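There are 6 protein chains.
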Amino acid sequence: MTRPDGRAADQLRPVTITRNWLDHAEGSVLVEFGRTRVLCAASVTEGVPRWRKGSGLGWVTAEYSMLPRATHTRSDRESVKGRIGGRTHEISRLIGRSLRASIDLAALGENSIAIDCDVLQADGGTRTAAITGAYVALADAVSWLGERKKLARPKAIVQSVAAVSVGVIDGEPRLDLAYEEDVRAGTDMNVVCTGDGNFVEVQGTAEGAVFDRKTLDALLDLAVAGCGQLSRLQADALAR
Amino acid sequence: MTRPDGRAADQLRPVTITRNWLDHAEGSVLVEFGRTRVLCAASVTEGVPRWRKGSGLGWVTAEYSMLPRATHTRSDRESVKGRIGGRTHEISRLIGRSLRASIDLAALGENSIAIDCDVLQADGGTRTAAITGAYVALADAVSWLGERKKLARPKAIVQSVAAVSVGVIDGEPRLDLAYEEDVRAGTDMNVVCTGDGNFVEVQGTAEGAVFDRKTLDALLDLAVAGCGQLSRLQADALAR
Amino acid sequence: MTRPDGRAADQLRPVTITRNWLDHAEGSVLVEFGRTRVLCAASVTEGVPRWRKGSGLGWVTAEYSMLPRATHTRSDRESVKGRIGGRTHEISRLIGRSLRASIDLAALGENSIAIDCDVLQADGGTRTAAITGAYVALADAVSWLGERKKLARPKAIVQSVAAVSVGVIDGEPRLDLAYEEDVRAGTDMNVVCTGDGNFVEVQGTAEGAVFDRKTLDALLDLAVAGCGQLSRLQADALAR
Amino acid sequence: MTRPDGRAADQLRPVTITRNWLDHAEGSVLVEFGRTRVLCAASVTEGVPRWRKGSGLGWVTAEYSMLPRATHTRSDRESVKGRIGGRTHEISRLIGRSLRASIDLAALGENSIAIDCDVLQADGGTRTAAITGAYVALADAVSWLGERKKLARPKAIVQSVAAVSVGVIDGEPRLDLAYEEDVRAGTDMNVVCTGDGNFVEVQGTAEGAVFDRKTLDALLDLAVAGCGQLSRLQADALAR
Amino acid sequence: MTRPDGRAADQLRPVTITRNWLDHAEGSVLVEFGRTRVLCAASVTEGVPRWRKGSGLGWVTAEYSMLPRATHTRSDRESVKGRIGGRTHEISRLIGRSLRASIDLAALGENSIAIDCDVLQADGGTRTAAITGAYVALADAVSWLGERKKLARPKAIVQSVAAVSVGVIDGEPRLDLAYEEDVRAGTDMNVVCTGDGNFVEVQGTAEGAVFDRKTLDALLDLAVAGCGQLSRLQADALAR
Amino acid sequence: MTRPDGRAADQLRPVTITRNWLDHAEGSVLVEFGRTRVLCAASVTEGVPRWRKGSGLGWVTAEYSMLPRATHTRSDRESVKGRIGGRTHEISRLIGRSLRASIDLAALGENSIAIDCDVLQADGGTRTAAITGAYVALADAVSWLGERKKLARPKAIVQSVAAVSVGVIDGEPRLDLAYEEDVRAGTDMNVVCTGDGNFVEVQGTAEGAVFDRKTLDALLDLAVAGCGQLSRLQADALAR
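Sequence lines, in order, name chains A, B, C, D, E and F. With UniProt numbering applied, the first sequence has no gaps in its numbers, which climb one by one up to 240 at the end. With UniProt numbering applied, the second sequence has no gaps in its numbers, which climb one by one up to 240 at the end. With UniProt numbering applied, the third sequence has no gaps in its numbers, which climb one by one up to 240 at the end. With UniProt numbering applied, the fourth sequence has no gaps in its numbers, which climb one by one up to 240 at the end. With UniProt numbering applied, the fifth sequence has no gaps in its numbers, which climb one by one up to 240 at the end. With UniProt numbering applied, the sixth sequence has no gaps in its numbers, which climb one by one up to 240 at the end.
Everything labelled a hint here was simulated from the structure, so no lab data went into it. Nothing here was measured: the structure is a model prediction, and the numbers come from that model. Treat each hint with caution, since some may be false.
Quick look at which bits of chain C chain B covers, simulated, 3 or more residues with Cβ under 8 angstroms [as the list claims (entries may be wrong)]: (1) 20-27; (2) 115-123; (3) 148-157; (4) 177-188.
Taking lysine to any residue pairs in the SDA-like style, the calculated list, with each CA pair at most 25 angstroms apart, reads [as the list claims (entries may be wrong)]: (5) Lys81/F with Gly96/F; (6) Lys149/A with Arg52/A; (7) Lys149/D with Ser112/D; (8) Lys81/F with Arg87/B; (9) Lys214/C with Gly228/C; (10) Lys81/F with Thr88/A; (11) Lys81/E with His24/F; (12) Lys81/D with Arg100/E; (13) Lys81/C with Lys149/A; (14) Lys150/D with Trp21/D; (15) Lys81/D with Thr194/C.
So these bits of chain F aren't anywhere near chain E, every CB distance computed over 12 angstroms [said to hold, decoys possible]: (16) Glu46; (17) Leu151; (18) Lys155; (19) Cys193; (20) Gly208.
Every residue gets a Cβ at the ideal spot worked out from N, C-alpha and C, and that includes glycine.
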């Protein structure tokens, strides 16, 4: 069996992580998983939302969005429709939860970091690329705070997070699905792992065919290995 | 270790499934998981949305909502706020996907079934109770169509689906969390299974603590067993 | 002339008032007028809206809504449409005004009570059932405040309120119209009375045929008698 | 007892009805009840809404709105707030129902008439002034259709409708309340009558004090007499 | 070449400026440019928006809107549609900027003036009529503040502003286009000038045909002369 | 006098036009004016909006938006706020009108082209950069149609359009303002020209100081020269 782009079943697409793509943001990354291209911008604000004031804890949120022509055919803007779609909501919440697993909110102190993940081009795996890039932008924003002595404690980042999609195509478990594979996948799973291989989120969906425990195990194995590679790429990018 | 309500770690709350709770709906169920109480109503319409016309396939959707005072303190209505929240969107989509796994849309023919899941009282596990009850309402609505010779083919229901939550509290994996446990869970997972024990959805989230593979395996074991019990309760209810 | 359900022209449908239907709300009632079924939940909050602070006066509001499949055919959710319809607005305001007639806002002190009336099943007279049930839920919420010594003065409830619909069908004035009669009514009136027979609201509408003073008088007589019966049922329920 | 503007208890404010205040509308009236000033414009469209097509029946709707500075202090625009308030909804529906009582929709044929009632200045009684003026604009729009042979049958107007407010101030029933009186009224009622003295709508509200049958009767007497005068003013205006 | 209404190319339509058209507003003007009729109401509030507090500066804003039947065929209300259209937004912003050029916000002190421009009837040039009328309403509102000693300094009005449209029809530059000409104009320009002939806004648009520098110069000459005439009419109105 | 970045008063910032920045869009350009960076994507659809069907004419629209962290501090998303702001509306309309001046809609035939201009980073002049880049994306989309023989006639592009901002800073007219200059500009003008030097749009605004005819003339001279340079850069890019 061969994949449309000739990859092995357990092979990632070419991944690039470009830091400081923007001039104004405290952290910013252009992340590419093959032709999927997501701009992640981390914005720091002093203070926290009202319901959190006085807690000593910081706050991290995320918003995900797609440009209208990120996709093969143009989609209407959610701002023009006047409402956010369910998919956008769902992914924004997933990214936010994932990033909060990487940070010690007490060490962050009463600062807020908003991460905007805007998909400039979509070719499958936009949410996992977004999480992977957003972690790097978040780490840069935390460093920015650290350099300005604005953290409550050092080491606000406690562990890295990265994410990848896996799925079953024609009975074969595969890593990091591109759009062409994604639409054909019977089962589809997004997995978020920490740098040391623990799970943050596991979201498996039987789009067309239910799956048994053995398939689930195979998909989890693939995903954990893929997240491991992505963690190393994140570390390399942050070391540069 | 004891649970607040004295249950064993692998024990469901008392579950009741009351069919035909409404007079007008083609299928309706009041489902109770302990104090969680969800009204599931299945509404049949002839025809399908425009984008699906002529396909010969039916369509099944779901909408989830909570009454303002389902919870311990009153929440504002989404109709008054003028927008649906992310959580509502996310759960509505989960219920719809889960139910579509139980049905052969070609056998359904060009009919639409909308399932409304309204939480009358919330005490943890509202989405899993909703899926479990909604399946029974859906089955009744399909029977209603069958009795009127409106199905394209018999046997439109291909398998049952049921759902349950599991989580880790103080290091112990537990089944079917009530609200009091849910807020204390470090890891929280919702699992949707078919009647023969395959997976439809696996959604695990590290609210406070990441989880390793061993914990994930233990949670999946608990959930599969719990869904098995719920499947039998669904079958009993449908047999009455 | 006979009514579809065999009632006399001046006869109410079977009415049941079930208190404490919910576990969390400070007052809650499931009220049934025949097949019309409305869940009324009273939620107490300390404090009042900003524009009322320092006045020493409390505040009582109401919100009315219908579940999508309360009716014969499914209606779209107002939360999904993103706006509240005119009918919903109108009835919510009517319920709020009616309940405020029953309470001494100075005795209530700076507390707010929100009454949610959610129609689980509709068969005509949903707004009058809602007012009748909501009064009982309100009374329970006020007792809840009293038991906790949170009222500014005792006796915050100054009089009961109950409501009923009346209408002219085929020239005959009738009490408490069910849906089947309601759609055929030329003239339709909703009347809210206090327990001692005074008027709080009189809303008469010529849907199809204008009405003369004599008809108006006959309808008012029917309504006052019907409200009297409902007041006794409310008192009985509160005495239990 | 004297009224702030020296009127007798059963006396209307000076009323003027100016037809053809606009150049484009098929019917238009500037109606003034004292300082209350409402612009009523009737717009004719061929055809009816989709749900009414093929019925042979026409359709009449109304929309009510206030300019931001119609009132003593400026109110925010509903277009800017992005939603219509409950009061606006309620009054628009009242005006529409009232006008439909004056017209034979079968004689109108499949034409639609939309009546816009925009309050340029408010000094109490805006909804009753709106109904009174809107009837005249509607009659002109129907004549416009008649002159162009576009009615299904002649005599589409079957009776006139007019409206007035009444209320109890310091125990005295009074006709046509100006704003200063309106805010002090314990009981407040809006009554819509046909030209021959039958009721179209009766909407009585105990703002501060409940009312007995005797008071209700006195208010109805006042209102019927007031509507009689308004009907004559409408006839005079249409005769000019 | 003759214009539809017989005017010379550099001739304004008959302009009338009626002050104090409303009883409640601190300044109000009904301005007419031919059949275009705009009601301008200036509302004074003590204080300024939060972001401006403590600056010592006042604030002036404007909102523009059209009644549904101001135009030849009825338009839907923006309040009913739930959103403000692009054209409304654009014109509201233009009026606000123009008026702020006429006022010394430091002299105004921390007071806010909101100018509502509601088009009662539209026949071309509604935005320029609105600016011209709004200036007079603003001047009256400032006088109102001055009489009550609420200005930080006298002379808060530093210069008058007036506006007019110009356009090229069949190759001929013309002043103050009525609707019939406006729709045929290849090039269309709105110009706002101060009383002493300087520019506040120049907005030229090639609707159908691009324009060269010579045409631009001719249009600017026409517009400056037209604004000069309007400034004198404003001064006359304010002197009355 | 020196500009913050050392440019001469009549000098553009470094401008780059990168074609085909996206893989899916029929035309796409990343345009940079200094640090201002706008992604312009042209999307072709067969057919035109309903109101234009059968006319034989095509349609071109544009939508402008800013990413939340394009600016120095983060702005809220309009999709989250649920409404489009006035500035966004205004600029989208400006871009659409400008582009329509470059195209022969009859030659385009019944095809629609939507141009999305998303500001990835903002440093002044985003709307003029957007127009300049969007023209190139539009030209590419028209070529795409031409290559597929889908144009009604060849030469659908009749002339190029480019845009630039000019303004007066400390009394000096300057070309192509960066953000730092823009906020200090008393007078600010955006000018859209065709490749042969005619005007499409002239939008001048006195933010802080009104301007006389001589200043206006100087600004127009600067802008025409700047647009000339941009037209050559567009032609070069399209020739590559």
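For this session: Mind listing which of the numbered hints don't hold for this structure, in increasing order?
Result: 3, 4, 11, 13, 15, 19 and 20
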